[in-house]
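So you can see what is in the structure, the chains are spelled out below.
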Amino acid sequence: MEFLSHQDVVGLLAQTLVTATPLTLAALGGIMCERSGVVNIALEGIMLTGAFVGYAVALATHNVWLGVLAAVVAGMLIATLHAALSVSLMVDQIVSGMVINILAVGITGVFYRNYIESSGLAGPDTLPHWNIPGLSALPVLGRIFFQNQFVTYAMLILIFAVHVVIFKTVWGLRTRACGENPAAAETAGINVYFVRYINVITSGALAGLGGAYFSLQQIGNFLPNMTGGRGFIALAAMIFGKWTPIGAFGASQLFAFSDALGSRLQIANVHIPIQFLGMLPYLVTIVVLAGAMGRAVAPAAVGKPYRRS
Amino acid sequence: MITRRLPPWFVNALLVPLASVLCGFVVAGLVVAATGSDPIAAFSSLFQGAFTNQDAFAETLVSTTPYLFLGLGIALGFRAGLFNIGAEGQYYVGGLAGVFLAYSIHGVPGLIEIPLALAAGMLGGFVWSGIAGALKARFGAHEVITTIMLNYVAFLLANYLIDGGLMLAPHVSTPRTPEIDANAQLPIIIAGTRLHFGLILALVAVPLVWFLLQRTTLGFRLRSVGFNPTAARANGMSVGQTLVLSMGISGALAGLAGIVDILGVSHHMTDTVGAGYGFDAIAVALLARSNPWGVLPAALLFGALRNGASFMQLDTQVSSDLISVVQATVIIFVAAPVLVRWIFRLRRQQVAEVQITQREETAAV
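Sequence lines, in order, name chains A and B. Going by the working numbering, the first sequence opens with residue 600, and the numbers climb by one from there. Going by the working numbering, the second sequence opens with residue 205, and the numbers climb by one from there.
No lab work stands behind these hints, which were simulated from the structure alone. There could be a bad hint or two in this list.
Heads up, incomplete: computed chain B residues facing chain A, CB under 10 Å, no partners named [claimed, not checked]: (1) F343; (2) A345; (3) I349; (4) V357; (5) N363; (6) Q517; (7) D519; (8) V522; (9) S523; (10) L526; (11) A539; (12) I547.
Values in this document were obtained by computation on a predicted structure and should not be read as measured data. For each residue, glycine too, the CB sits at the ideal point set by N, CA and C.
Kindly generate the complete structure, drawing on both the sequences and the hints.
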């Protein structure tokens, strides 16, 4: 296995962290959303929207940072639609999520063709690499953690932020109450609709930032459907991580590692069917849902519209 | 207003779906206008591409065929309280199973080979969705998540089998399976077009699914489980078995869509993923309000949209992705009848809520 030199292993791990960035961010969004009792299969569509709007704004303003901001705001806006449909109008949450996914493909596709594809403008630069002074010189760890771009750093910080919000703050307690037993939460004086709205919109911000990874961090371009199903892998990571930020990060790392390893093996001409490596996230999720490897228990009220009586 | 005196069945079965489609076009028109193109021109070329150009209507019917099978399958799932979001994957697995049988057999009359291939396609779809059904029945694993995951497993499986060589045709430039023999192809029903016998099969499937749902014991069990699983169990029905069967039949119809498209149109299978029929078909079933007869006009609409969109893109430069905007809006209005009520000032009692899946039984999402 000559291709796995020391250099290569570190490179592989660094690549894993980067590849896991959008997965983790979207999974964090999923956690915020589902912990409050709203299913979010719309992560894919939210990321695609973020990727597109972020790119379009960066292109128009020649400022990649405004692009990142726009991606976050766009994610929040389209997530607001999910909240309005599923919380206020009590549309089935799966249907609502699907609507967002379909709408995202439609709107980004139409605007891409009319504005970007034909514009002939040069794309914006990708986000700069920041080497953290001192830390980036550390052996191994420096290369993996401290020579990254903005979205990856943001992801690392947000894992802990979401963890603290969910498990250590009053807001997190309210969120979990709404996700487990909304009627009881309401009796205790919590405004279930408000909590769900804020959490769904927050999930839009997180997934929108995940979208910025694709167009502004990874390649500096937008391509139709460029998220390519990563939103569903994020959903898988959320479930495999049992609706916890740290768990979801670990799951994203595992999925991203198998992905990175697959491409290395292919380049190294090792003949194993990489498709089976690709199946890993999906099969693991099914196995986890079936209760093997420790049962994954979703928030009890997830998927149920809450109707005040 | 006059609408206040309309009977509820009329409102729910006709007015809400039609109003939803109308709203879908209005929203899509606004999107087109926002991109600086002319919505009227876009829609008129969509219409031309779907109906009035030469062979356009035949092509629309070619696209309608898989939507009919898939829409029926998903509608049947809805009636059992199951949200089969994995029709896309079942379409692929059905196609894989059917095409493998069809290109492996030689020298058998079409009257024997075609039914065998169709059966293999149905079996493939049945098994693939049956997995999700069994996981739900046995472990309470939510079918939405398991079918999403199984979709991707199916894509990768197709990629492995076709690209990886096991089902790869020798000496082709783009990876695909070997071609099926001419006698295994579904006959063309209008000479000079691609319209094939699959449409007839799909049209026959509509009353058959209706009959299955409304006039058979299995259909009664299926609807009972969908309506209230607790009551169904209390009445001695095996909820688990019914879930597996319902999910399986739903997938069998999706698999049939896959193999019929191969026997009728492409005559081989490529590893190109993402025809997107399976997701569109969820909209078909929603628009049909899970009624087999309703699937008929809904599938025709989506077939026309899909076929017209490619001409619209050529003709007016408006992206064919526009039809996704129409679809998303249609689903919003069908699933949130409250909106239609506001717009058309109907009374609350007239508009039924849309309850898709029962939630009592589901353990984990």
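Going through the hints against the structure:
1. Of the supplied interface hints, the one on B:F343 holds, with its beta-carbon coming within about 4 Å of a beta-carbon of chain A, less than 10 Å.
2. Annotation: interface hint on B:A345 holds; nearest CB of chain A at approximately 4 Å, less than 10 Å.
3. About 6 Å separates the beta-carbon of B:I349 from the nearest beta-carbon of chain A, less than 10 Å, and the hint is met.
4. About 5 Å separates the beta-carbon of B:V357 from the nearest beta-carbon of chain A, less than 10 Å, and the hint is met.
5. Hint status for B:N363: holds, given a least beta-carbon distance of 5 Å to chain A, under 10 Å.
6. Interface restraint check: B:Q517 against chain A, minimum CB-CB distance 8 Å, threshold 10 Å, status holds.
7. Because the smallest distance between the Cβ of B:D519 and any Cβ of chain A comes to about 13 Å, over 10 Å, the interface hint for this residue is violated.
8. Interface restraint check: B:V522 against chain A, minimum CB-CB distance 7 Å, threshold 10 Å, status holds.
9. Proximity of B:S523 to chain A holds as hinted, the smallest CB-CB distance being about 4 Å (cut-off 10 Å).
10. Here the hint on B:L526 is kept, as its CB sits about 5 Å from the closest CB of chain A, short of 10 Å.
11. The closest approach between the C-beta of B:A539 and any C-beta of chain A is roughly 5 Å, which is under the 10 Å cut-off, so the hint is satisfied.
12. Interface restraint check: B:I547 against chain A, minimum CB-CB distance 13 Å, threshold 10 Å, status violated.
The structure fails hints 7, 12 (numbered hints given earlier, in ascending order).
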